[in-house]
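Participant: What follows is each chain in one-letter form.
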Amino acid sequence: LAKTTQPISMDSYEGQEVNITCSHNNIATNDYITWYQQFPSQGPRFIIQGYKTKVTNEVASLFIPADRKSSTLSLPRVSLSDTAVYYCLVGARADSSYKLIFGSGTRLLVRP
Amino acid sequence: GAVVSQHPSWVICKSGTSVKIECRSLDFQATTMFWYRQFPKQSLMLMATSNEGSKATYEQGVEKDKFLINHASLTLSTLTVTSAHPEDSSFYICSARGVQPQHFGDGTRLSIL
Numbered sequence: 001l002a003k004t005t006q007p008i009s010m011d012s013y014e015g016q017e018v019n020i021t022c023s024h025n026n027i028a029t030n031d032y033i034t035w036y037q038q039f040p041s042q043g044p045r046f047i048i049q050g051y052k053t054k055v056t057n058e059v060a061s062l063f064i065p066a067d068r069k070s071s072t073l074s075l076p077r078v079s080l081s082d083t084a085v086y087y088c089l090v091g092a093r094a095d096s097s098y099k100l101i102f103g104s105g106t107r108l109l110v111r112p
Numbered sequence: 001g002a003v004v005s006q007h008p009s010w011v012i013c014k015s016g017t018s019v020k021i022e023c024r025s026l027d028f029q030a031t032t033m034f035w036y037r038q039f040p041k042q043s044l045m046l047m048a049t050s051n052e053g054s055k056a057t058y059e060q061g062v063e064k065d066k067f068l069i070n071h072a073s074l075t076l077s078t079l080t081v082t083s084a085h086p087e088d089s090s091f092y093i094c095s096a097r098g099v100q101p102q103h104f105g106d107g108t109r110l111s112i113l
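Residue numbers (the numbering used here), protein chains in the order written: chain W, 1 to 112; chain D, 1 to 113.
By construction, these hints were calculated from the structure, which means they are not laboratory data.
Being a predicted model, the structure only gives us computed values, none of them experimental.
There's no promise every hint is true.
Said to hold, decoys possible - Which stretches of chain D does chain W cover? Using the computed rule of at least three CB atoms under 8 Å from a CB of chain W, they are:
no.: 1; stretch: 11-19
no.: 2; stretch: 64-74
Said to hold, decoys possible - Computed from the model, here is a short list of chain W residues facing chain D with C-beta under 8 Å:
no.: 3; residue: Thr-34
no.: 4; residue: Gln-49
no.: 5; residue: Gly-50
Built from N, CA and C at the ideal position, the CB exists for glycine as well.
Please take these sequences and the hints and turn them into a complete structure.
Facilitator: Okay, structure coming up:
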């Protein structure tokens, strides 16, 4: 199973762009990269998923270089409500039984 | 809206009680569901994989007789914490994957007195 490494914590201010980078050196050919957000006492919430290059949705962008050994979650213009823990996971998208293993995540604090 | 529903959201009970937590996939069928446990300030730890119509697969160190899993239908998995003790107090989260991505329930806060 691919292991991921993220910064333990990050600080930012409202209105800034936040980029969280995740390292996954052992990613397999059929692995996808998925990011989740978790607030206290809630389950993780899906943010974005990608395989290569760039993916963008209404809340975030995901940048994946050609070697796919890392990925960067970009949150534009963060607000206080974006304070949460962000998890990067890798796994085989097509395999319904593939186990998602969580790393330590990145605790993002957004200040006024 | 939520695609994975978990019930109850929190429960407080006396030591020695057995507690059942339900996890339902709301608008898709899930042959596989996952159960996680999370202690304060820590990440989610996978406990077991629930397989519809067959036995669950437990991660190393998780007692299968302590945490009974039943996946009787394609939309329902249950986790029963048997003879719960204070050290079983934790946040339990289920997850299911139909079409991608994998979705998570909102968790069950279990407090054993």
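Participant: Go through the numbered hints given earlier and state which of them the structure violates, listing their numbers in rising order.
Facilitator: 1, 2, 5
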